[in-house]
Structure formats: C-alpha cells, structure tokens
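Visitor: Start from the sequences and build out the full structure, keeping to the hints where you can.
Protein chains: 2
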Amino acid sequence: MDFSKVPLQTVERLSRYRRVLADLQEDGVESVFSHRLAELMGVTPAQVRRDLSIFGSFGNVARGYDVVELHGTIGRLLGTDKLQTLAMIGLGNLGRTLLTYRGFQERGFHIGPVFDRDSEKIGKVYAGRRCYSIDDLETVLPDFKCKMAILACGSSGLDAIVARLADLGIRSILNFVPCRVIPPQGVFIENVDLSAKLEKLSFLSKA
Amino acid sequence: MDFSKVPLQTVERLSRYRRVLADLQEDGVESVFSHRLAELMGVTPAQVRRDLSIFGSFGNVARGYDVVELHGTIGRLLGTDKLQTLAMIGLGNLGRTLLTYRGFQERGFHIGPVFDRDSEKIGKVYAGRRCYSIDDLETVLPDFKCKMAILACGSSGLDAIVARLADLGIRSILNFVPCRVIPPQGVFIENVDLSAKLEKLSFLSKA
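Protein chains in written order, with the working numbering: chain U, 1 to 207; chain Z, 1 to 207.
Keep in mind the hints are simulated off the structure, nothing from the lab.
One thing to keep in mind: the hints can contain errors.
Copies of one chain are not kept apart here, so a pair can be met inside one copy or by any two copies together.
What the hints assert, rightly or not - Heads up, simulated EDC-like pairs for lysine to aspartate or glutamate below, C-alpha to C-alpha not over 16 Å straight-line:
hint, residue 1, residue 2
1, Lys147, Glu190
2, Lys197, Asp143
3, Lys206, Asp81
4, Lys5, Asp193
5, Lys145, Glu39
6, Lys206, Glu12
7, Lys206, Glu30
8, Lys147, Asp167
9, Lys82, Glu106
10, Lys121, Asp136
11, Lys124, Asp136
12, Lys197, Glu106
13, Lys82, Glu26
14, Lys121, Asp135
This one's a predicted model, so the numbers in the text were calculated from it and none came from an experiment.
Guide: What follows is the structure in structure tokens.
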C-alpha cells in the first residue's frame, strides 16, 4: 500500500488506537466493536471503520475487531514491532533526560548515536552512549542505519544540521528546539512545543 | 465572553496564531491579510476570519489585521501577557530539566513550588526553588495562587494527587506521566506523549 496517501490525521490516530488496544489487551478483552472503540478514542464509529479499513481491517459483524490481531497490525504499520535506532543531536539537560526516558524503549525506540559540538562532552559516555562530534556526523551516522533523529540542541546552525541529516538518509525528525525549521524535500519534522501546550492550558484554566 | 464555548481546535490554533504573529512582528510587518495569515497557519482564509471573529477581531478591508494589536489581544486571551506561576509535582530527571527550560519563561510561565516524595530531595533547593514534601501540598500550594500544574512524577498514586490538586483550585494540568488519568470535573489535562509522536514519525519515515 502507498503510505504517503494515508491522511495525516489517521496517522495521528493510529498511535492512539495502538494505546487503546494495548489497554484492552491488558484488561483481557478479546474483541471489540467499532462503537466501543470509537467511545474510547473519542471519535465516531464511522470514523473508526473508515480509519481501519484503509489498512485492510474490516472487523467481523458478529464479534467486532480481534484486539490482539488489530494491535499487532497497527504495531507493524507504525514500525514499532521491532526496535528502531534513533540518532540524537545535542546532549544538554534535555538530551540527557531523553537518553533515560523509559517511554521510548517501551514503545520500541532506542537512542543510538548522540552528537554534540561541545569538546567537553565529545568522547565521553552518557547512559551507555558515546558522544560523537557533530563534525563526524557523515562518518559515524551511516553505521547505525537510522531513519529518525531527535533535535535537542541549540538553535544556531540548525538548518544546516537538518540538511546534513537529510543527506544521510534521515526521513523524520522530532524537534525540541523552539525555532522555525523548514523541512527538506522528503523529510517530515514534528515539533514538540511545550510552551504552546501551556498556552492552551492557560486559556482553558480561565474558561 | 464565555470562554468555555470556544471550540478546542480554535484554542489550539490560538497559540500558533500568536507565534506566527510574533514572527511577523519580528520581521517588521505591520499588518496582514487573512489569506497571508492563513498561508502561514496552513488553514483556509475563511477559517482565520472565523477563528478571529470569535474574539472580536474583524480586521480591516483595506489593511488587514494590525499585527501588534492582534498579537496583544491573543496574548491576553491566552493569559500569557503576565507571568503565571505553575506548581510542579516530581523532581526526577525530567522535572529538573523543566525547571531550566527557557521556553516556559519566554512565554510567560514560571515554575514556582515543586513537590516530591523523596526525603533526599525535600528541603533542598533546585534551580532556585525549594523542594517541598508532597504531604505538605495543602499547606504550601495556596500561598502561590497557582491555577496550573505540571505532573513529572511517577505513576503510582497519580489519581489521588490529581484529585488533591483539583481540590486546591488547580484548573489545568500538563501531564508528562505516560499513564491514563481521568480528569476531575472542571479540570483540563493535556498529555505530553513523546512516544506517540515518535510512532507517527516512524510511520511517516516508511511512507
């Protein structure tokens, strides 16, 4: 199937489907109807059927969807059925925190090579990973076969780093740096903007 | 106006409007038409006009919207025109990283009182904040007049902590703990699920 044709909002829901199904599996539920799944997801039953039919899951009129099977299918679609290695740029406070963030490992993500420009950090080992110089990106990164990277560095020269990552085959980037980055052709950038979430909460706390 | 009637998706866009307008202001742009704003936001011009009219901003046929004025209006709506103090529960790696996260302060948020259950941490000072015992929540928190809190603690007993925060007047919560929390009546919880973002990127890196 052509993944690039899947609507972005469906992709965003996939990971919530996976989580809801993991919870159902944990609770010992074997099968689930679209209306129950819709309730847990906060969408309409028609939306659930539309989303899942894109990936060839049509459920069963009498029993609904098989929880274990659907959970497995979505894991394969998300590529989280096997461990994936990510590169990380920047080993400041945030970068070091992410190295030990359990949520990543639990979902099948492992931070492999880490890069920094600080000579104090280069060559040292942090949470089991050796820190490489950002100057050695081109020689080090290819050995790790990463398709994804995390940006947890400063904002100076960020566009150039992103261009180098793209040239080295990085296809998607989780960006913690609070500044505008234009994604190169064929690269997807997801921004984590914690301040934007606080702004939303600030508005809602006045409501 | 009744804030509770504003659609959630409009609220989520507000903080992006604020950022786009801040960028325009920085670039010296004085006024902007809805179609240009729409382009920068990635929505339709009709959507922009609908969103902003909710808050009484109708622009000007000849000149468009006044950038400085609209930026100020949205800042007041978001409540980020004055510094807001947040409480934080949990002073592990993540909590300590958030204490020094510049993005918060830049957008008008300040982490005030911090709480932990670890007797090794209680009474010590981290990045200028004294760590209080979570047992003292009811006596310490009211002095700080917080409406918002950040959860960066472990998952055990989380529902009880959220219930206590709600009783103490906390209206909205930014939750970094990767587990299900049912919001008490009148409390809004925004979950930060970094693994879900990675799952989405993993899917897109295969597309």
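Visitor: Should Lys147 paired with Glu190 be assigned to within, between, both, or neither, using CA atoms and 16 Å as the limit?
Guide: within (14 Å within a copy, 29 Å between copies)
Visitor: With identical chains, the pair Lys206 and Glu30 could be close in the same copy or across copies; at 16 Å between alpha carbons, which is it: within, between, both, or neither?
Guide: neither (42 Å within a copy, 30 Å between copies)
Visitor: With 16 Å as the alpha-carbon cut-off, assign the pair Lys206 and Asp81 to within, between, both or neither.
Guide: Answer is between: at 14 Å across copies they meet the 16 Å cutoff, but 42 Å inside does not.
Visitor: Can you tell me if Lys197 and Asp143 fall within 16 Å by alpha carbon in one copy, between copies, both or neither?
Guide: neither (37 Å within a copy, 25 Å between copies)
Visitor: Evaluate Lys82 and Glu106 at a C-alpha cut-off of 16 Å and name the case that applies: within, between, both or neither.
Guide: within (11 Å within a copy, 39 Å between copies)
Visitor: Indicate which option fits the pair Lys124, Asp136 if close means a Cα-Cα distance not exceeding 16 Å: within, between, both or neither.
Guide: So Lys124 and Asp136 pass the 16 Å test inside one copy only (15 Å; across, 40 Å).
Visitor: Quick one: Lys121 to Asp136, C-alpha cut-off 16 Å, is that within a copy, between copies, both, or neither?
Guide: This pair counts as within: shortest intra-copy Cα distance 14 Å, inter-copy 39 Å.
Visitor: Checking an output row: Lys206 and Glu12, CA cutoff 16 Å. Within, between, both or neither?
Guide: Between copies only: 15 Å across, 28 Å inside.
Visitor: Quick one: Lys197 to Glu106, C-alpha cut-off 16 Å, is that within a copy, between copies, both, or neither?
Guide: Only across copies: Lys197 and Glu106 sit 14 Å apart there, 24 Å inside one copy, limit 16 Å.
Visitor: 16 Å Cα cut-off: does Lys147 pair with Asp167 within a copy, between copies, both or neither?
Guide: within (11 Å within a copy, 46 Å between copies)
Visitor: Between the shortest in-copy and the shortest cross-copy C-alpha distance, which are at most 16 Å for Lys82 and Glu26: within, between, both, or neither?
Guide: Answer is neither: 20 Å inside a copy and 45 Å across each miss the 16 Å cutoff.
Visitor: As a check of your reading, is Lys145 near Glu39 (CA-CA no more than 16 Å) within one copy, between copies, both or neither?
Guide: neither (39 Å within a copy, 36 Å between copies)
Of the numbered hints stated above, those contradicted by the structure are hints 2, 4, 5, 7 and 13, listed in ascending order.
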